[in-house]
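Participant: Sequence:
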Amino acid sequence: APIGDLAGALPRLAEADLFLVPWEEERDISLRTVLREAAGRKVSSVSVLIGPEGGLAPEEVALARGFGARPVTLGPRILRTETAGLVAIALMLYELGDLGG
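All residue numbers for the sequence shown refer to the numbering used here, where the first residue is 51 and numbers rise by one.
The hints are simulated quantities; they were obtained by calculation from the structure and are not laboratory data. Using N, Cα and C, we set each Cβ at its ideal position, and we do this for glycine too. Any given hint might turn out to be false.
Claimed, not checked - Ranges between beta-carbon positions, derived for each pair:
#: 1; residue 1: A59; residue 2: S94; range: 18 to 24 Å
#: 2; residue 1: G147; residue 2: I53; range: 32 to 38 Å
#: 3; residue 1: R62; residue 2: A107; range: 27 to 33 Å
#: 4; residue 1: L113; residue 2: A51; range: 15 to 21 Å
#: 5; residue 1: L149; residue 2: D55; range: 20 to 26 Å
#: 6; residue 1: G54; residue 2: R77; range: 17 to 23 Å
#: 7; residue 1: G90; residue 2: I53; range: 35 to 41 Å
#: 8; residue 1: D67; residue 2: L149; range: 16 to 22 Å
#: 9; residue 1: P61; residue 2: G147; range: 29 to 35 Å
#: 10; residue 1: E75; residue 2: G147; range: 25 to 31 Å
#: 11; residue 1: R86; residue 2: I53; range: 19 to 25 Å
#: 12; residue 1: R82; residue 2: G118; range: 18 to 24 Å
Could you put the whole structure together from the sequences, leaning on the hints where they help?
Facilitator: Here it is, written out as structure tokens:
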């Protein structure tokens, strides 16, 4: 897809069964918690919105929430934008039993 803005991308991201936003400001809801909640229903697609260097602004996260996004914490470490997506995917695969047995 061509490069676009966040508002233009959100409708496509929201089409997934689960839409996650790893966000450094989220302190209470972990990726593990959301994945375990989703385990009771069929989840065949997941969208993950990773912010730019410096993170997403609260207004951007609020906009994503309007499209059904679930902000989650990946833990106490602040990850670089180029590694945050890989970490999120690896954690999802592990938690869902597709990685590491």
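Participant: Taking the hints in turn, state whether each one holds.
Facilitator: Do the hints match the structure? See the list:
For the pair A59 and S94, the beta carbons lie near 20 Å from each other, so the given range of 18 to 24 Å is met. Checking the proposed 32 to 38 Å range against G147 and I53 shows it holds: the Cβ atoms sit about 35 Å from each other. At about 20 Å, the CB distance of R62 to A107 disagrees with the hint of 27 to 33 Å. Checked against the given bound of 15 to 21 Å, the beta carbons of L113 and A51, roughly 19 Å apart, stay inside it.
Checked against the hint of 20 to 26 Å, the C-beta distance between L149 and D55 comes to roughly 33 Å, which is inconsistent with it. For G54 and R77, the hinted distance range of 17 to 23 Å is not satisfied, since their beta carbons lie about 30 Å from each other. About 37 Å separates the C-beta atoms of G90 and I53, a value consistent with the hinted range of 35 to 41 Å. Roughly 19 Å separates the CB atoms of D67 and L149, a value that falls within the hinted 16 to 22 Å.
Separated by about 30 Å at the C-beta atoms, P61 and G147 satisfy the suggested range of 29 to 35 Å. At roughly 29 Å, the beta-carbon separation of E75 and G147 lies within the given 25 to 31 Å, and the hint holds. At roughly 35 Å, the beta carbons of R86 and I53 sit outside the given window of 19 to 25 Å. Separated by about 20 Å at the C-beta atoms, R82 and G118 satisfy the suggested range of 18 to 24 Å.
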